[in-house]
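Protein chains: 2
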Amino acid sequence: MFSVRILGSSSATPAFQRFTSSQVISYNDRYYLIDCGEGTQMQLQKYRIKYNRIDGLFISHLHGDHILGTPGLLASLSIFDRKSPLPIYAPRGLKEILELIYKHSDTHLNYEIQFHALEDFEPGNVIFQTDRLEVSIIPLQHRIFCNGFLFREKNKRRKFNFYKARELGIPKKYFQLLKLGNDIQLENGKKIKAEEVLFPADPPLSYAYCSDTRYNEHYLSYLKDVSLLYHEATFLDELRNRAGDTGHSTAKEASLAAKRSNVSKLIIGHFSARYKDLNPLLEEAKIEFTNTDLALEGRKFDLRKDL
Amino acid sequence: MFSVRILGSSSATPAFQRFTSSQVISYNDRYYLIDCGEGTQMQLQKYRIKYNRIDGLFISHLHGDHILGTPGLLASLSIFDRKSPLPIYAPRGLKEILELIYKHSDTHLNYEIQFHALEDFEPGNVIFQTDRLEVSIIPLQHRIFCNGFLFREKNKRRKFNFYKARELGIPKKYFQLLKLGNDIQLENGKKIKAEEVLFPADPPLSYAYCSDTRYNEHYLSYLKDVSLLYHEATFLDELRNRAGDTGHSTAKEASLAAKRSNVSKLIIGHFSARYKDLNPLLEEAKIEFTNTDLALEGRKFDLRKDL
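Chains as they are written, first to last, in this note's numbering: chain P, 1 to 307; chain Y, 1 to 307.
Honestly, the hints are just simulated from the structure, not real lab data.
One should not assume that every hint holds.
Any copy, or any two copies together, can satisfy a pair, since identical chains are not distinguished.
[Said to hold, decoys possible] When the alpha-carbon atoms are kept at most 25 Å apart in a straight line, the in silico SDA-like pairs for lysine to any residue are as follows: (1) K276 with A117; (2) K300 with I287; (3) K46 with K224; (4) K83 with A117; (5) K50 with Q17; (6) K46 with L294; (7) K103 with G298; (8) K286 with Y111; (9) K83 with R242; (10) K172 with A201; (11) K305 with L205; (12) K179 with Y31; (13) K300 with P203; (14) K305 with N279; (15) K190 with D225; (16) K286 with Y51; (17) K300 with D202.
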């Protein structure tokens, strides 16, 4: 399972029941949190996400609407008796903020925070990985230091075709070598390519998170062919100048990013509090890129099924 | 109008849709916020409290469940274009926390914060006042520096009884002196006491907020005869030792505080996340003090009507 659950879609301040930015990536029963606006822990409770399965926290930048849920969430993990270390990837200042808050409240977490400052990584390089998934950063252009994240499945192991192997009369002792992708030569001199006995693999799925950013060509190369793209769309295109001035994008720009990067599906979020009705933003994006949805609170996008 | 609206009733961490501590005092169309746990601004929106009428923020102590909504709320006030200064009464460390967060996010508020460190005041002294209301601090006993707040109406001006004054044949030129409470002597030598021409005043109403605290005799003197007392009741009395160890009170202790201080009504809150059903806490408190209610999210207690 590879899915994205939206916890907050509002820009800058909560509005119309919309919370500030936060999302949960779910991959094979483990969770990864991207951004952590105020109220994230209430949203996690609402959608019954199990706190103790959160295996990593990824913070794009230090504006309040992306981080202010962090000190409360980390303290709650401790109250609910987390023991395993939690990796956090964020701009360096977050560590300083957490330390100051916990100093004044005399709070001591039960578990270890493994803090990794994003200033120490190069865009495009893998910053975190499991045996199946890897995460790299996408350099964005906002008013302060800001990065998106690319979650990508590793190349999948191809399944072995037993029937084909038997049909070709391959003795069992060669199976392991073939499974690992090695070509072999049988004792009778016959050559067998691994290719012949391996099923084609599903292409690796990928999710890119781009918020907050002024639209520009530079980060598009990092988004090429991703399965699902979340792109901020703070404003309608009629406010394109304001978007540029404040380091944000319009719905139209989000759709251009999707189209030019050849992604399979686009979801837009980070909506300005000036918009109660979000349909005009969706309609605007769909002009350039039809397969677009609103990234609203509670919605879950399954990368295998919903693209 | 003098009322208290509960925004959060949960201790330490949100649970069962209960938010962490925050309350709004409403007095003659102005609002005063006590404590500001995570999500306070969402609760203010939910209950349609007008942000721009908040005239003061009072913070009891620096545990996260009482302050983590502050940086977001103050930033939102600025987004919604507040211009008037905001007085904040809080432990000194809050200023440091806000400054660090706003430094890293490069946030500049539109309005002035008038910060008053509670370390600089003596318990019992008035720290804030308007023409009708005054606020003083109640020294509590928690794991870290912590204060309650007493909101008390000033003595009310007594209304002038025109009919009585006319009946006594008092010329109009003396009315002002009498209204201000001065006794007079008429030209015919007759003495008139102000008392005779003034209606009795309503007794001043008062609200005391006591959270978080270990129960003790010391602060009871500050609560004497208050109209409405909010007292924390984190645990049932069967966990009295745990309450003592963690600097909290039980429902029974809250009711004893109410009874011994001769308050008119008690509301209890700051419930541990171990209690889904809160009725046992209410029942326990009612044994010693019948006029008790649960301080639950959204409930509003009117000090003139509901006592």
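| field | Homo-oligomer pair classification [N279, K305; C-alpha up to 25 Å] | value | Within one copy, since 24 Å is at most 25 Å while 45 Å is not.
| said: For K286 and Y111, with the copy left unspecified, which applies at a CA distance of at most 25 Å: within, between, both, or neither? | reply: neither (45 Å within a copy, 40 Å between copies)
| request: Please work out whether the CA atoms of K276 and A117 approach to 25 Å or closer within one copy, between two copies, in both situations, or in neither? | output: neither (36 Å within a copy, 39 Å between copies)
| query | Given identical chains, is K179 near Y31, meaning Cα to Cα at most 25 Å, within a copy, between copies, both, or neither? | reply | Classified as neither; 30 Å inside a copy, 70 Å across copies.
| Intra- versus inter-subunit Cα pairing at 25 Å for K300 with I287 | within (23 Å within a copy, 48 Å between copies)
| task | At 25 Å max between alpha carbons, let me know whether K305 reaches L205 within a copy, between copies, both or neither. | result | The answer is within: 11 Å in one copy meets 25 Å, while 61 Å across copies does not.
| said: As a check of your reading, is K46 near K224 (CA-CA no more than 25 Å) within one copy, between copies, both or neither? | reply: neither (34 Å within a copy, 41 Å between copies)
| query | Is it within, between, both or neither when you check K300 against D202 at 25 Å Cα-Cα? | reply | For K300 and D202, only the intra-copy Cα distance (22 Å) is at most 25 Å; the inter-copy one is 57 Å.
| field | Status of Q17 relative to K50 across identical chains (alpha carbons, at most 25 Å) | value | both (23 Å within a copy, 16 Å between copies)
| message | Regarding K83 and A117, is the shortest C-alpha distance of 25 Å or less found within a copy, between copies, in both, or in neither? | response | Result: close within a single copy only, 22 Å intra versus 36 Å inter.
| said: Treating 25 Å as the Cα threshold, decide for K103 and G298: within, between, both or neither. | reply: Result: close neither inside a copy nor across copies, 34 Å intra and 32 Å inter.
| task | Indicate which option fits the pair K190, D225 if close means a Cα-Cα distance not exceeding 25 Å: within, between, both or neither. | result | Intra 39 Å, inter 100 Å, cutoff 25 Å: neither.
Comparing the model with each earlier hint shows violations of hints 1, 3, 7, 8, 12, 15, 16; every other hint is respected.
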